[in-house]
Each structure stands twice: as structure tokens, then as C-alpha cells.
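Sequences and hints are given; from them, build the entire structure.
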Amino acid sequence: MAQHNLSTVIGFEFLRVVTKKRFWLTSLAVPLALAVVFALVFLSNAATSETAQAQADTQLVVTYTDDSGLITDAVAAAFGGSEAPDPAAAIAAVKDGTVDAYFAYPADPSTQPIRVYGVDKGIFENGAYAAVATQMLVLAAQQEIDAPELAAVVQGDVTVTSETYRDGVVSGGLDGVIPPLLFLVVFYVSIILLGNQMLNSTLEEKENRVTEMILTTMNPTTLIVGKVLSLFMVGLVQMLTFAVPVVVGYLFFRSNLNLPDVDLSHLSFEPGAIVVGTLLLLGGFILFTGTLVAIGAMVPTAKEAGTFFAPLMIMIFVPFYVVSLIVSDPRSLIVQVFTYFPYTAPVTAMLRNSFGSLSALESGIVIVELFALGFVALRLAVYLFRYGSIAYSKRLSLRDTLRRSRA
Numbered sequence: 001m002a003q004h005n006l007s008t009v010i011g012f013e014f015l016r017v018v019t020k021k022r023f024w025l026t027s028l029a030v031p032l033a034l035a036v037v038f039a040l041v042f043l044s045n046a047a048t049s050e051t052a053q054a055q056a057d058t059q060l061v062v063t064y065t066d067d068s069g070l071i072t073d074a075v076a077a078a079f080g081g082s083e084a085p086d087p088a089a090a091i092a093a094v095k096d097g098t099v100d101a102y103f104a105y106p107a108d109p110s111t112q113p114i115r116v117y118g119v120d121k122g123i124f125e126n127g128a129y130a131a132v133a134t135q136m137l138v139l140a141a142q143q144e145i146d147a148p149e150l151a152a153v154v155q156g157d158v159t160v161t162s163e164t165y166r167d168g169v170v171s172g173g174l175d176g177v178i179p180p181l182l183f184l185v186v187f188y189v190s191i192i193l194l195g196n197q198m199l200n201s202t203l204e205e206k207e208n209r210v211t212e213m214i215l216t217t218m219n220p221t222t223l224i225v226g227k228v229l230s231l232f233m234v235g236l237v238q239m240l241t242f243a244v245p246v247v248v249g250y251l252f253f254r255s256n257l258n259l260p261d262v263d264l265s266h267l268s269f270e271p272g273a274i275v276v277g278t279l280l281l282l283g284g285f286i287l288f289t290g291t292l293v294a295i296g297a298m299v300p301t302a303k304e305a306g307t308f309f310a311p312l313m314i315m316i317f318v319p320f321y322v323v324s325l326i327v328s329d330p331r332s333l334i335v336q337v338f339t340y341f342p343y344t345a346p347v348t349a350m351l352r353n354s355f356g357s358l359s360a361l362e363s364g365i366v367i368v369e370l371f372a373l374g375f376v377a378l379r380l381a382v383y384l385f386r387y388g389s390i391a392y393s394k395r396l397s398l399r400d401t402l403r404r405s406r407a
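Per UniProt numbering, the very first residue in the sequence shown carries number 1; after that it's consecutive.
Hint data in this document are derived by calculation from the structure and do not stem from the laboratory.
Any given hint could be a false lead.
Stated by the list, open to error - Per label pair, the in silico range of CB-to-CB distance:
no.	residue 1	residue 2	range
1	Leu240	Asn5	23 to 31 Å
2	Thr134	Ser328	34 to 42 Å
3	Ser328	Ala372	28 to 36 Å
4	Leu236	Arg22	28 to 36 Å
Cβ coordinates follow ideal geometry from the N, Cα and C atoms, glycine included.
If you want it as C-alpha cells, here you go:
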């Protein structure tokens, strides 16, 4: 019977949320905004490509003088340039629009500036003059070196591969940091999207004055557990709704949107970090869900619930104020406090787990703490919902409620 009631609660709560227009308006708002942004980026890139092609087809007409002796006629010709006999006449030609630009190269370009004079074509297109002047000098220097491999080295055009070790085993480096960080992203998304829903899951029945009728036919524990599981299912629906347009845009429109080509084969999925990240995510989700459901059962109105909701949301962002210490000095006092304080522990521990500074012992302590306090919060939510079912107009006293439950 209890199992039947649990499935009834889950189905009812899940369908009650996903069948509301407000839920889909909220869930689809971000994907639709992303689609609009993608479309604008696509159109902007297309326009930029056309502009760039038009600029490429219309080569600049430039003159130059070169006190360094590096610029050759062949290099200058490649950029549409020719040597000017007189600097003053060259500047005058720019002023009357006869040529697009004039470049005056100093005797020592490494310490002296290149003087550029050009026809004003707008703040953005004017930047092309300095770019062309620099490219002319770079190409001339590369030809002067007369060794492609040395020219590449001078320009810093070299490839570096790194391999680091931890406890005698090759570590993943940055590629090993990214997978565990995904658990932190999922945690933030779930709490931010579902926070109000968690808070209102028990508050709604109290405001509608139907809690007594519900409790005459159903165990409050079954009701609370069913609500939590339905919230988890709703969260999965919302995450899929957000993820689909991103995945579609990346797979089919990556080049059009100038999205980076991420090579997932290089990511390092370390089993220990993945298991710890999963447990921290579940423990943190249970703790915050239990706490918000308990708050909803304790207060009479959504307005009063908001006074508790804001501090909890602040808690999940506080660790980012000391993220530099979390990464560089995880043994510092403030990081240790954030690691073990329940409502900052999920974020802090997931960050430390990603960067490899969370030991096995610390992981075990934080995971046990989160699950234990999460179940305590859920149990407390059951008590508050049961004994506060008739307290429609006042906030429950936690002390009085616990005293009554023991009696």
C-alpha cells in the first residue's frame, strides 16, 4: 500500500508541475534565448565573412619608408605597397586620399614605434592599417632569417606536450579537472532551477488548506519522499530541455557559430574523482532539498519562506569568493571551514575534488555528513509537515514541534 501511495505521489507531483504552462515557459525561456543568440551569431558571422571577403578583394594602396632596411620590394608588393620617395609627400597623399596609408618604419623597430598614417575609414576598419604594417615587418623579418624553423620559433609557433605525475601515475592535468567539475555545474543548475519548487512543494498544500485531508489517507514520510523524487524527475526534464539546443548547436552548427572544437577523447575520467563527485552531488541535493522542504512545511506563506530561501542560495555561491584559496591553498582555515560547513560543503568539496586536493578521508567525512544531515532534514520536514498541518497562519516553532514529536 505504501509503495502504491509513493508511486501515486510521484506521478501526481511530477505531472502537476510538468503540465503547467508556467513550467514550460520557464524551462523553454533559456533554450529559446540561446536559439536567438545562436541565430544572431550565425547572421553576424555571415555578415562578417562577407565584409572580410570584400576587404580581401579590395587591397589597400599603401606607401612606406624603411630606415631599418628590412622591407623588400617583394614583401611590400604582396601587401599592395610601394616605397615612397619623401615622407612629407607620402603624408600629403594620405591626406588628399590618393593612397590609403603610409607606413614609416624606424631604424630599430624593436625599440622604436612604427608610424602609421591612414585615411579614416571608421574606428574598426582603421585597425587594419596597424595590422598590415606589422605583418609586412614580420614577413620581412622571417625572410631575413631565411630559415623557416627559426622563424617559427621566433614567432612562438611551437607545440608543447605536457605529462604530469601523481603518486607515480600519470595524472589527467586540466583534462582530468573538467569531468568532475560537471557535477558542480549540475548541482548549481538543479538547485537554482528547482529551489523555489522545493520550497513550495509542502507550502502549497498548507496555503490551500488541504494538508489534513492528505494526512488522513497518506503517511507523511511517503508524501515527502514522493515529493523529493518527483523534484528529481522534474530537474532531469529541465536539464534535458536546456542541454538539447546546446548539443544540437555544437554538433550541427559549430563552425557557423564559431564554437570551439572540444576533443572529448583527451578528457581524463578518473574513477575515484567521478565516484566522489557523484556522491557529493547526491548528498548536497538531498541536504538542500530536505532543508527547503522543511522550511516550506514550517512557514505559513511563500513571503516568509523567501527570508530563508535567500541565505541558502547565498551559501552555494560563497565558496567562489575564496576559489583562489581553494585551488592554491586548500589547507587554509577558511577553506577547511567551508569544506565541512554543511551548506558550503557541496560546492567547496566538489571544487577540491576536481582539482585533486580532497583526500579520501576528507571525501568520506563530507559525504557521510551530507547524507546524514540530508536525511535528518528530510525527517525533520516530515515532522514539521505532520505537526504543522493545522498551523496555517503562524510559523512553527522548531523546538515545540520536536518536543511534541517525542511526546
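Does the Cβ pair Ser328, Ala372 satisfy 28 to 36 Å?
Holds, since Ser328 and Ala372 (Cβ atoms, about 30 Å apart) stay within the stated range.
Falls inside 23 to 31 Å, the C-beta gap from Leu240 to Asn5?
At 28 Å between Cβs, range holds.
Honestly, do Thr134 and Ser328 meet the 34 to 42 Å range at C-beta?
Holds - the Cβ-Cβ distance for Thr134 and Ser328, about 37 Å, lies within 34 to 42 Å.
Pairwise beta carbon distance, Leu236 to Arg22, judged against the given window 28 to 36 Å:
violated (19 Å)
The structure does not agree with numbered hint 4 stated previously, though it agrees with all others.
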